[in-house]
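Residue numbers (the UniProt record's numbering), protein chains in the order written: chain A, 1 to 352; chain Y, 1 to 352; chain F, 1 to 352; chain W, 1 to 352.
These are calculated hints, taken from the structure and not from any lab test.
Watch out, some of these pointers could steer you wrong.
[Stated by the list, open to error] Within a straight-line C-alpha distance of at most 16 Å, the following computed EDC-like cross-link-like pairs (lysine to aspartate or glutamate) qualify:
(1) F:252 with W:222
(2) Y:326 with Y:286
(3) A:202 with W:174
(4) W:252 with W:286
[Said to hold, decoys possible] A few chain F residues that don't get close to chain W, going by computed Cβ distances all over 10 Å:
(5) 15
(6) 78
(7) 82
(8) 86
(9) 298
On a predicted model such as this, the values are computed, not experimentally measured, just so you know.
Where a beta carbon is used, it is the ideal one built from N, C-alpha and C, also for glycine.
Number of protein chains: 4
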Amino acid sequence: MIIVMKVGSPADEIERISQEFTDWGLSPEKIVGKHKVVIGLVGETASLDPLQIQEISPWIETVLRVEQPFKRASLEYRHGEYSEVIIDTPDGPVTVGKNHPVAVVAGPCSVENEAMIVETAKRVKAAGAKFLRGGAYKPRTSPYAFQGHGESALELLAAAREASGLGIITEVMDAADLDKIGEVADVIQVGARNMQNFSLLKKVGAQDKPVLLKRGMSATIDEWLMAAEYVLAAGNPRVILCERGIRTFDGKYTRNTLDLSVLPVLRSLTHLPIMIDPSHGTGKSDYVPAMAAAAIAAGTDSLMIEVHPNPAKALSDGPQSLTPDKFDRVMQELSIIGKTVNRWPQAKVALA
Amino acid sequence: MIIVMKVGSPADEIERISQEFTDWGLSPEKIVGKHKVVIGLVGETASLDPLQIQEISPWIETVLRVEQPFKRASLEYRHGEYSEVIIDTPDGPVTVGKNHPVAVVAGPCSVENEAMIVETAKRVKAAGAKFLRGGAYKPRTSPYAFQGHGESALELLAAAREASGLGIITEVMDAADLDKIGEVADVIQVGARNMQNFSLLKKVGAQDKPVLLKRGMSATIDEWLMAAEYVLAAGNPRVILCERGIRTFDGKYTRNTLDLSVLPVLRSLTHLPIMIDPSHGTGKSDYVPAMAAAAIAAGTDSLMIEVHPNPAKALSDGPQSLTPDKFDRVMQELSIIGKTVNRWPQAKVALA
Amino acid sequence: MIIVMKVGSPADEIERISQEFTDWGLSPEKIVGKHKVVIGLVGETASLDPLQIQEISPWIETVLRVEQPFKRASLEYRHGEYSEVIIDTPDGPVTVGKNHPVAVVAGPCSVENEAMIVETAKRVKAAGAKFLRGGAYKPRTSPYAFQGHGESALELLAAAREASGLGIITEVMDAADLDKIGEVADVIQVGARNMQNFSLLKKVGAQDKPVLLKRGMSATIDEWLMAAEYVLAAGNPRVILCERGIRTFDGKYTRNTLDLSVLPVLRSLTHLPIMIDPSHGTGKSDYVPAMAAAAIAAGTDSLMIEVHPNPAKALSDGPQSLTPDKFDRVMQELSIIGKTVNRWPQAKVALA
Amino acid sequence: MIIVMKVGSPADEIERISQEFTDWGLSPEKIVGKHKVVIGLVGETASLDPLQIQEISPWIETVLRVEQPFKRASLEYRHGEYSEVIIDTPDGPVTVGKNHPVAVVAGPCSVENEAMIVETAKRVKAAGAKFLRGGAYKPRTSPYAFQGHGESALELLAAAREASGLGIITEVMDAADLDKIGEVADVIQVGARNMQNFSLLKKVGAQDKPVLLKRGMSATIDEWLMAAEYVLAAGNPRVILCERGIRTFDGKYTRNTLDLSVLPVLRSLTHLPIMIDPSHGTGKSDYVPAMAAAAIAAGTDSLMIEVHPNPAKALSDGPQSLTPDKFDRVMQELSIIGKTVNRWPQAKVALA
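Chain A with its partners taken away, still in its complex shape (with noise of 0.2 Å):
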């Protein structure tokens, strides 16, 4: 249920009335948009009657419950506001929504040792990207197979952000790595495999830092923000959705099936930004240019692109990433297609 309040609202009305709903065992969030202050009301409301709740107050302009089952995610909860997620890097704030540059994650699978991933970082970064992405901890399907260099590996990240200036994003595995994880990662990611691992989840969401959760192999679109809605119901507002690629009958050419049409069909159902990933969404660094290209034609938010320095001797996921030259021509094939929809960031001009 969501309390829009009428323009110019007193401040001190605003919090009677969240006090007040508080007092009846109701979760009130304060939501400042551009024009209005909304409260988002989460609990036991079926049997609120909107009619009764709107005489609390004649700064109440109207009453609305939420239909979906994703409330705090839900869109109709910001009353049609799209949320920004704002992240802190060295290199200052990068703010990921709608309303700005696509935000481009780039970097390997895996972080393999400190001269590659510092390398990396320093060529993603000149061509643009605003973070590095590279696992510590790596889901593998095999138990024999790499699973990641651990806690040294955060100190490379930790390295490769001081070198680069980028933001870091990395996946979190077991909660008992959280802290380590936070001291070093500038947003957190939980992986596909553990999108309803509910613990994790509830975790994520009761620690600071901004979360980025990539959508189940076969998770439907409620899953998905109902997995979004156990990380902001546990109050961290700052999450971003990343699509990756479904399981379809056909794998033979393509490792998933990513699916684009998350683009326009998460816009009309949730405020939270959007990721696409099309290096794990097609698994083969071939069709990432045209799928890349093809997410910033539909709107998204931010891409995830996998780059190594010499993919045929990666550890993990050699097949789906780009070389560093590589990248660098697809972000100027990009950056035409960005501009065009008045999504990449301006070059900045040198001041004399």
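Position chains Y, F and W against the provided structure of chain A, taking the given hints into account.
For chains Y, F and W alone, kept in the frame of chain A given last:
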């Protein structure tokens, strides 16, 4: 197996070689590319030795095996040269292919009456479409649902064709109707449900009109290309592949999952031109603009978009149809992306 | 809509009522059940008032709407009474239905030559099969693969029919072949790839032979029943539904995923008899015995099992075919489960 | 790689060989079969030469490579001998495996209160179940849905265990709860959503209780076996695989598609015992009896069936739960099939 001829090979030598293969019981096919002539060979070639074949003529540059199960449809078969499908329309020939502007097909799901089809034709023509789609024979899940007006609808399509100058694309469901349809249609459509109706494929392959082959609901890329191979093997080289969404586990918000990754995948496998149908692919008109833009950015050769003067009253597929006004705006938006990637028709300069 | 007549309703009263509905432009169908007569009504019934209809005759017990989109195929349409499909074979009629022994169909994927089909027929007959399957016209993914021996194979099927006394089930791919096939076949099969070839469905519905309707690779239960409805609506009441595996994300070990849950699901929705095809359903002969046993335990009315005298040399589908010896043993194992659930033919007592 | 020892190999020779492999940096595992001892070897075995290994001891019969990516889970690893999982329960050990009666697990989706869980335990025990299922921690799509009573539910399970003598199976969602759960549970369940929660798999592999590993919603057979491999590789050999339905394109009538073909498929790949869960597999209690019967006929080692004293008021999964009365009848029906295939417990003869 393909025989690549040297530049400047004399026509009668090519003729002589082809005759020799015919004498061996094979089906040679001469493919005239921009730079070279290639002879495609289909038949019992497994036991042939490329080196021996090379000795047939000093004009043979090289002999290569086509590794794919789809022979004539494969990119190898044309030695890497993409094919163009040239379609006659009242307004002159339209070429669908990789180095040509995106050809837009628009119109209603089914032909309902003369006023609606002629009006729609004129409106979509004015907005930039080159072809009118419209069903005379409709595949419907229920035997009690509107099945199309059949033969009388063909007459209305002929009227719309004359009134607008657009080429006509309409579906064949029964080979017995092919002649009648062929009198009106400029392109014969084989629908998703008939993609593996091999009897029908052989028959559309045995007639002259170009064929639009929609992907089956759960057809793999290989099955789709093998279906095209049926048409090509029957003698009709003009085939366009149309992606219209595949069936996945989530149908709540979209009717199908539009698989745009077919664009880079097919480009690497086949020389045939590609069309994307975001209307069936998503099943909801609100999602069409984003997916059409994505398709252009990813390199489609053609788009099929449903347009109906009054979607709310459409006899079929209303929810996925744009109004003519909305289609106008979408085409203007698409033209921006289309021009950015050099795939949009240039405005004609008026001569003084 | 269905009209349930009271017990003992006079035949001429039923006739009179039916005539009245015909005069209204509806299609009444008399269904004679064990206890009662039901008149099924298909057509524009949405605006009819059940109470008013009831006043037409004092012999009308009750008037009910069929809620399902499949009318004639629904269990409601027969007021909860399951239908039986009685098939004439040289050895006499065989009934396929819920209260009859499991009817076993066996034979090769395709008819290869007279010796193999006659030998196979005799062997599977001896093991307890009632029908011989064998393809004359084969749907093959590749136009270059063996397409069946066509008309000459029909003659061989006729020979096998005469030699063995088995009924013949064979597939129609082209409506133009229906007459020829009908001269030999006791049951006409519509294959999975043609399940939504609505032109073909209408034509098999307009002829007299029983129809075996295979489920499409990704057909929902509703689509499958609507396909059956096409046949029923065209006038042919003898339809058997055959599950042969659906397409899912994992095809490594099984060609398809055999969906045995259709057995309880279809029982709750339709009166039509059900067949299970574990050979196509799994694609591997080793998996056939377990799945056939499971199908019997779950209540199937019929089984289709591929048998080939020399699977390693089969022109199609060898890996999923049992040898005649293996089929003998499987039938003996199945007879144990079959007898346990009272769905296996009683051994005939030899008369002195 | 596996080392098959000759019959009668001396224990100290086996010990000596194992030590040698340990010195090489490998992990040898002694598997004592009915006739022979096999030493399983996991680690960097790719470069080892089987012939050279054979020379280590004259007691080595043969050395074989395990071709599958899952090593310890593969049937080859145990040289074709199926494993049995023996579980301690208050009423004594219960063995789950190919040559033992079908072990039935029954109980509610979640533990609601003491009366319901104790009553249900007594009822399902009386009907023949050996284990009680009941969720203390529940994975729910919505953060606002009932999440299970947690620790207090564990106490109720302990009470039900004592009152009924049944073994307890309950799910772990957070590794932090493992110790508490382990005090009550006889089998630890890893749910479908956590099948690839590799951190959790490693931790359940490092404790002693048997593990029930449910198949993920869209997990391939290989991924499922690799998940089991995580548990085995961490040192816990007692793993049972549970099929609970996969996600396909049709969810209208069944919640999932129960994939019974896993029974013959897994039998050919792994030595681990198999459980089938028709309640989650279909999502509807009406479909449970048929699918449970099918599972027994196809060779399952175990069944998991949801039973709730009042399904209409269940806090979760009511529609798929049987009442205790219905469960009684179903068990009687299943006993007929179970006895037919010699997989049902013999009634104990009362001694005078």
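For each hint, the structure was consulted:
no.	hint	verdict
1	F:252 with W:222	9 Å, holds
2	Y:326 with Y:286	10 Å, holds
3	A:202 with W:174	11 Å, holds
4	W:252 with W:286	15 Å, holds
5	15	38 Å, holds
6	78	19 Å, holds
7	82	15 Å, holds
8	86	25 Å, holds
9	298	4 Å, violated
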